[in-house]
Structures are given as C-alpha cells and as structure tokens.
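**Q** Whole structure, please, built from the sequences with the hints as guidance.
Protein chains in written order, with this note's numbering: chain Z, 1 to 502; chain Y, 503 to 676; chain B, 677 to 826.
It is worth saying that the hints were derived from the structure and are not from the lab.
SDA-like cross-link-like pairs, simulated, lysine to any residue; straight-line CA separation at most 25 Å:
1) Y:650 - Z:460
2) Z:194 - Y:541
3) Y:545 - Z:343
4) B:745 - Z:93
5) Y:650 - Z:377
6) Y:545 - Z:283
7) Y:545 - Z:184
8) Z:191 - Z:282
9) Y:545 - Z:288
10) Y:545 - Z:328
11) B:745 - Z:21
12) B:745 - Z:153
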Amino acid sequence: MSDTIETLARPAHREVTSDRTAKRVMWLYIGPGLILVGAMVIAGLGLRMAQGGMHTFQPGLFYSLMTLHGSAMMVGMALCGMGLLWYLFAQEGPLNPTTAVVACALILIGAVLVAISVLVGGFGAAWTFLYPLPFVGTYWPSWATGVFLAGIACVVLGWTIWCLQMLGGVLTRYGGLRGAFAWDLVWSPSKFAKSGQTPPPPQAFAVLVSAVDGLLAGSAGMLVGVALFVRWLDPTLPLDPLWVKNLTYIFGHTLANLTIYMPLAAVYVALPRYTHHRHWHTSAVLAVAWWATLVFVAIAYFHHLYMDFAQPRAVQYIGEAASYLAAFPPAVVTVFGGALLVYRSGFRWTLGSMFLYVGMIGWVVGGIGALLDVTVAFNIYFHNTLWVVAHFHTYLLEGALLFVLGWVFHCLEERSGIVSSRAVRTLIGLGVFGGGAWLLLGWYLAGAQGVPRRYALQPAPGTDISWWASLGGIILVVGLIMCGIEAIRLARRPAHREVPAA
Amino acid sequence: MRLTPELTIFSVFLILAAVAIGTLVAIASAAHGPAVEQAAVQKSGYRLRRVWFRGLAISAVVAFLLSLPAFPYRTRSQLASSLHHPVTALQFAFVIPPVLPVDTPIVLDVTATDVNHGVGIYDPDGRIVAQVQAMPGYTNPLQLVFKKPGQYLVLCMEYCGIAHHLMRATFEVR
Amino acid sequence: MTRRGALQLVAAVSGVLAVALVVRSLAEGAEAIDVRSHHLTHAVLILGGAAAALALTAANRRPDSLPEKPQWLLPAILGPLGGMVLMVPTFYPYMNAHPTVHALSHLGHISAGFVTAWCGERYRVRIGWTTTLFLEAMAVGAAFGFGVTR
Ligand code: HEM
Ligand SMILES: [Cu+2]
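**A** Written out as structure tokens, the structure reads:
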C-alpha cells in the first residue's frame with residue numbers, strides 16, 4: 001500500500017481557474033467557516049451543560065447564545081460548503097475569484113453584524129427570527145433587531161451572489177440547463193453515447209442543485225428580510241404571520257438542507273481516491289436522483305408547518321410525501337453508491353477517508369430520525385421537541401461537518417503526503433463518533449418523552465438527561481480539539497511536492 | 503418507564519439506526535484487503551439496488567397510507583358536531599378553560615395575541631397527547647378526546663421569548 | 677424577419693406596453709387600489725421591463741464562452757433589492773393620493789426589471805433570466821402578505 005495519493009487528473013484543453021487561486025478562495029471560505037463552527041461548538045456545549053444544571057445561564061443569556069449558536073453554525077457550515085464547491089467547480093470551468101471574494105466578504109460582514117446584535121444587543125429571537133417575535137415583547141433593544149436583520153440581509157446577498165456565479169458557471173460549462181441536468185443522458189442514452197459527449201461529473205450536480213434551490217431560498221430570504229426590515233422601520237406595517245412563517249422556512253429549511261448537500265460533493269471527489277482504481281461516474285440514475293433532490297428539498301419544507309392547521313390542507317400531504325421522497329436519492333443512490341464504491345476496493349483508511357465515510361453513516365441515521373418525525377402521525381408527539389434537535393444535529397454534526405472535515409484532512413494529507421497514525425485516528429474516532437453518539441442519544445431520548453426544544457430549563461426528565469448528555473458533549477469536544485491539533489500539525493508540514501509529478 | 507407510543511417509535515429508531523450502522527460498518531470492514539474490480543462489484547450491486555429501491559418505495563407508500571388516518575386536520579363539517587372551547591396563548595401564559603370533559607370529542611380553537619406560541623398538552627402521566635401552534639391572526643382548531651381524567655399540563659411548543667420555558671398552564675379533565 | 681429582428685420587436689413591444697400603462701395612468705390618474713392588487717400590478721410592470729431587456733440581450737446574444745463580468749453582478753442584484761424597496765406598502769397610501777407621482781413611480785418598477793435582467797445577462801449569459809425570476813418571485817410573493825393580512 002503506498003502512501004501517495006493520486007492527484008486529480010486535470011483536463012488540459014479547458015480554461016480553468018489556476019489551482020493556486022482556487023485553493024486560496026477555498027480556504028478563504030473554509031477557514032472562517034471552521035472558526036465559526038469551532039467557536040459555536042463550545043457555545044453549544046455551554047448551552048447543553050446549562051440545561052443539565054452543570055452551571056447556570058440566565059434565560060436571556062441562554063436564548064441569546066442559542067440564537068448565536070444556530071445562526072453562526074448555519075453561516076459557518078454554508079461557508080464551508082460554498083468554498084468546497086467553488087474549488088471543485090473551478091477545476092471544471094473558469095470562475096472569477098473577485099466575485100467569490102465579494103460574496104464571502106458580504107457573508108462575513110453579515111456574521112459580524114449578527115454577532116454584534118447578539119453579543120452587544122442581546123438579540124435572542126432564535127436563528128429563525130419568526131415574526132412577530134423579533135418585535136414584540138422582546139428582552140433586547142430594538143436596534144439589536146435591526147442590526148440582526150441587516151446581518152441576515154448581508155448573508156442573503158452574499159449567498160445569492162455565490163449562487164448566481166455557480167449557476168452561471170455550470171450553465172455555461174455544460175451547455176445550458178439541458179446539458180447541466182444531463183437531460184439527454186437520461187432520455188436518449190444511446191444517442192448521447194454516440195455523440196461522444198460526457199455528462200457533468202457528479203459534483204457538478206451538487207453545484208447545480210445548491211445554486212437553484214439556493215436562489216429559491218435566497219428570494220424567500222430576501223423577501224422576508226425586506227418585509228421584516230420595513231416592519232422594523234414602520235411598526236404599523238401589517239404582515240401576515242402565516243405568510244412570514246412559510247417564507248422563513250423556505251429559506252431556513254432549504255439553507256439547512258443545502259449545508260448537507262454542498263459538502264457531499266467532497267464524497268464524490270475524494271472517496272474514490274482512497275480506493276484502488278475505482279471511479280464515481282455520472283449515470284442516468286445519479287442524474288435523476290439529483291433532479292429529485294432539487295424538487296423535494298424545495299417542497300419538503302411544508303413539514304415545518306404541520307402543526308399550523310390554518311395552512312392549506314393539501315400542502316400537509318404534499319409535505320409528508322415530499323419529505324419521504326427526499327430520502328430516496330441519498331438512500332438509493334448516494335450512500336448506496338458510496339458503500340458500493342468502498343466495498344472490497346482495497347480502501348485506504350486515513351483520517352480524511354474515515355470522516356467522509358462516517359459522515360454518510362451520520363447522514364443516514366439522522367435521516368431515519370427525520371423520516372419518523374416527518375410522519376404526521378408521529379410529528380404530533382415530536383414537533384418542536386428535542387427529537388428535532390436530535391435528528392438535525394445527527395446529520396449536521398455527524399454528517400455535514402464530517403464531510404467538511406473529511407475534505408479538509410484529504411487536502412492536508414494530499415499536500416503533506418503523510419497520514420495520521422492509527423492511534424490518533426482511533427482516539428479522534430472515539431471522541432468524535434463515540435462522544436457524538438452519546439450526546440445525540442440524550443436528545444433522542446428526551447425528545448421521545450416529549451421534552452420541548454429551546455427550553456433554558458427543561459421539565460423532567462429533561463434536566464437529568466441533559467446532564468448525562470453533556471458528558472458525551474465534553475468527549476466530543478475533546479475529540480474535535482484533537483482533530484484541530486492534528487490538522488495544524490499536518491498543515492505545518494512542508495508541502496509534499498510543489499510540482500505535481502508528471 | 504412505560505412503553506408509550508413515543509418510546510416505541512424511539513425503539514424503532516434505535517433498531518433501524520443499528521441496522522444502518524451495522525451494515526455500513528460491515529461494508530467498511532470489507533473495504534480493506536485485496537481489491538476487486540469495480541465492474542464485478544457493480545454487477546451484483548446494481549441488482550441489489552433495484553431490490554432495495556423497490557422495497558423502499560413500497561415501504562414509503564405503505565407508511566404514507568397508514569399515516570393518513572392520524573392527520574389532525576379537520577374540515578369545517580367535521581368540526582361542527584363537537585363543542586368548541588377557545589384557547590389563547592400570550593407572553594407568557596395560556597387562557598384555557600379550567601375544566602374539560604372526559605371521553606367527549608371537543609375542539610380547542612387555538613390562537614395567540616402577540617407572537618407565535620404552541621400548545622402542547624401532556625396527560626396526567628406526563629405524556630404528550632396533542633399539540634398545535636398558536637398564531638396571532640389565525641385560529642387553529644384542534645379536535646381531541648381526553649381518554650383519562652385528571653390533571654393535564656400545557657407547555658409552550660414554540661419559542662416565544664425570555665420566559666418561554668416558564669409558560670405553562672394546567673386544566674382538569676373529568 | 678430574422679431572429680434578431682423578431683427579438684428586437686419583442687423588446688420594443690414589451691417596453692412600449694409597460695410604458696403605455698404608465699402613460700395611461702398618468703393621463704387618467706392611477707386609481708386607488710388595495711395593497712395586493714397593487715403589488716401584482718407592480719409585478720407586471722417589472723416583468724415588462726425585464727422582458728424588454730431579455731429580448732434585447734437575446735438579439736445581441738454573446739457567445740457562451742465569454743467569461744464573467746463581475747462589475748455587472750452588483751447592479752443585477754441591487755435591481756431586485758431596489759424593486760422591492762419600491763414595493764414597500766408604507767408608501768402606497770401616499771401613492772394612491774398622488775396619482776402623478778404614483779404613475780411616475782411605475783417607471784421605477786420598469787427600470788428595476790430592466791436593470792435586473794439586463795445587468796444579469798451582461799454578467800453572464802442566462803443569468804438575466806435567473807435574476808428576473810428571482811425578482812418576479814419576490815414581487816408576486818409580496819402580494820400574499822407584505823402589508824396584506826387575512
Ligand atoms: C458539540 C457540538 C454541539 C452541541 C453541544 C450543540 C448544542 C446545542 C444546543 C444545546 C442547542 C439548543 C437545543 C435546544 O433547543 O434545546 C443547539 C441548537 C442548535 N444547534 Fe447545536 N450543538 C452542537 C453542534 C452543532 C452543529 C455542528 C450545528 C450545525 C452545523 C449545530 C446547529 C444548531 C442549530 C441550527 C440549532 C438550533 C438553534 C435554535 O433552536 O434556534 N449545532 N445546539
Ligand atoms: Cu409561548
């Protein structure tokens with residue numbers, strides 16, 4: 001078994017962004033993204049321990065920190081996914097780095113405004129800032145609401161710019177929607193094969209779907225952002241609460257989902273490099289799976305409004321059906337395909353490949369939790385209980401974040417030419433997966449007993465469970481800190497080779 | 503700890519999660535060692551995938567159909583026959599009738615005056631039996647039958663501000 | 677007629693139609709309408725401006741391979757934002773009371789649509805369509821809750 005890693009063969013005939021520039025842009029996104037995530041992991045642990053009675057947060061501080069934890073996590077994870085996709089697509093077609101820098105800067109400005117609003121102003125309407133909460137009966141000054149909304153506006157603007165750039169890149173590179181969706185590959189495969197064309201690589205579908213659904217989310221986010229901002233300036237302005245709630249969740253649900261689908265591209269690209277000569281090709285099945293993802297991620301958001309009986313009835317049924325259907329592409333194509341790719345492939349386990357693989361497991365387990373919750377019959381018991389917190393932490397923390405970490409370690413391993421020892425891998429694995437599972441189990445268990453989410457102090461049996469779960473959280477954080485140290489160690493190693501071997 | 507429906511769902515979750523984790527870990531442990539040609543693995547893999555897809559599709563359809571009767575949404579005519587009781591949520595309290603009848607279909611007309619809240623109803627054993635959102639400007643009709651007499655607890659199920667976790671009410675069912 | 681000529685005609689017709697709407701209301705005095713219809717009217721005006729821009733850019737279609745022109749992206753995204761600012765319901769009562777200002781403000785909607793589509797398409801081929809949809813989605817969506825309650 002050799003320790004070298006195949007570098008991606010880059011097509012020479014096409015104009016692409018230089019690898020150096022692309023890497024810089026990628027780190028410009030992933031660096032601050034991971035710093036945000038790291039800081040918020042600590043904040044999250046503080047919240048969990050307070051719920052367990054290990055220390056006390058005044059309710060105001062608890063809810064403000066919860067708001068910061070949620071918003072900054074979403075922004076941080078989005079930044080990581082954006083940087084990753086930008087880098088991967090820059091190897092396919094040219095992308096202008098200036099556009100990406102502007103988008104990133106806007107998002108970081110937004111993050112700073114959100115931080116000011118929460119840390120200085122004490123804003124605490126949760127990251128979903130559901131109208132009329134940011135304006136009515138608040139425990140923070142009105143200016144904090146304005147600054148928070150301005151921050152969200154900057155994030156949405158930056159996000160929209162990124163989506164437009166990526167969409168433009170994909171459409172130009174593959175010949176419009178038809179080419180980018182691999183329409184002909186699916187409907188007239190033999191003609192497509194004879195024409196000598198090749199379909200877009202799998203990661204291009206992640207780019208396309210993120211950009212299209214991202215623009216949908218962006219338009220909802222911008223509309224609700226403008227509406228709330230105007231409401232902040234003009235308190236007499238009437239807004240329909242149900243309308244706002246729909247927009248809020250089109251925005252929030254879609255963005256949260258995309259933070260998983262974006263770093264998934266890392267699995268497509270990096271996982272095969274650890275196998276013995278295996279490849280992840282675009283097939284008609286893969287293309288159709290991404291079409292399904294595009295549609296069902298966008299309309300599954302209705303499950304957030306199951307307990308709003310005023311919502312038109314039909315969409316409640318659509319919500320359940322779409323949520324079930326959204327599980328098919330991962331279950332049948334992506335994770336199945338990933339497992340098949342790895343199976344008896346002479347796989348090389350490193351920290352990077354381990355994270356990528358376990359990320360798929362976390363995604364599936366969180367998905368199972370989600371499927372139970374989106375069944376309306378069960379949602380009656382689970383809506384806004386800790387079950388919700390349990391399932392989304394499963395696929396964000398033990399899914400999306402692991403994809404990102406897997407990619408980061410893949411890059412570090414590739415650059416330094418060395419991999420972490422088995423002992424380090426085991427320790428980190430025990431901390432991150434073992435501690436993580438323990439932490440998550442607490443949320444599932446409490447959720448199953450009807451303990452509501454977003455409670456600074458929980459009714460029984462919440463507090464006891466939180467206490468025990470916090471121990472898992474501490475182990476997890478220790479694992480993540482080891483991860484950080486290992487990353488810094490690898491990053492400080494001299495580059496394995498400056499010029500890729502011919 | 504009694505095996506309530508929620509704990510049953512929790513057990514189902516644990517079983518499914520264990521199967522998923524077990525399968526993927528088993529595949530991972532077969533990842534090492536001498537490599538097999540990708541084409542060879544794919545041949546049987548794709549056959550398995552078809553079965554898996556069909557199995558999932560059938561399960562999804564069955565689950566969907568089975569879940570339909572439990573949808574809590576009612577038409578106006580379905581609501582007309584029951585006695586209606588108003589419930590109002592506000593920061594940070596519920597206005598709810600102190601006594602409600604046992605074994606009788608009733609409808610709670612739930613609304614809010616200031617921000618969004620949620621009405622989560624816990625039976626005398628502390629089990630959540632029903633919930634619905636309370637939204638200003640809208641009335642959500644929640645139809646239910648209390649099977650057990652005793653003291654019920656209401657908790658807020660939508661984050662509503664600094665005393666969200668203190669927002670509760672009780673009522674008697676008899 | 678060539679494809680190019682046809683597209684230019686489409687551009688001219690949508691532009692003229694949108695402006696004609698404004699002129700008509702200038703002459704007759706725009707009627708006072710409720711917020712929802714008002715939003716929807718604005719959505720139509722925006723569409724007129726955008727359609728004109730899209731037809732024009734399609735007539736002078738640039739090759740796909742042209743790289744991004746980032747300087748066009750900012751106006752392409754400020755267009756939708758500006759369009760939304762012109763749809764703030766707080767101004768509507770004033771507009772209803774001042775028909776001339778109101779009619780003139782509709783030129784703003786047309787321009788917002790035009791800028792959004794034109795600059796998007798200049799930024800990169802096909803992006804004008806995207807930004808147009810982005811703005812239209814917001815303009816139509818506004819009719820169901822922005823200054824409107826049940
Ligand atoms: C050590 C790791 C983490 C811990 C201990 C933690 C802890 C928490 C806690 C205690 C809450 C409040 C739950 C409640 O409603 O009672 C929360 C909410 C949340 N967390 Fe985490 N978390 C962690 C990692 C993450 C990660 C990696 C993400 C995203 C990628 C994330 C995203 C969120 C979001 C979006 C919320 C919702 C906030 C809200 O309800 O407004 N968390 N977390
Ligand atoms: Cu409340």
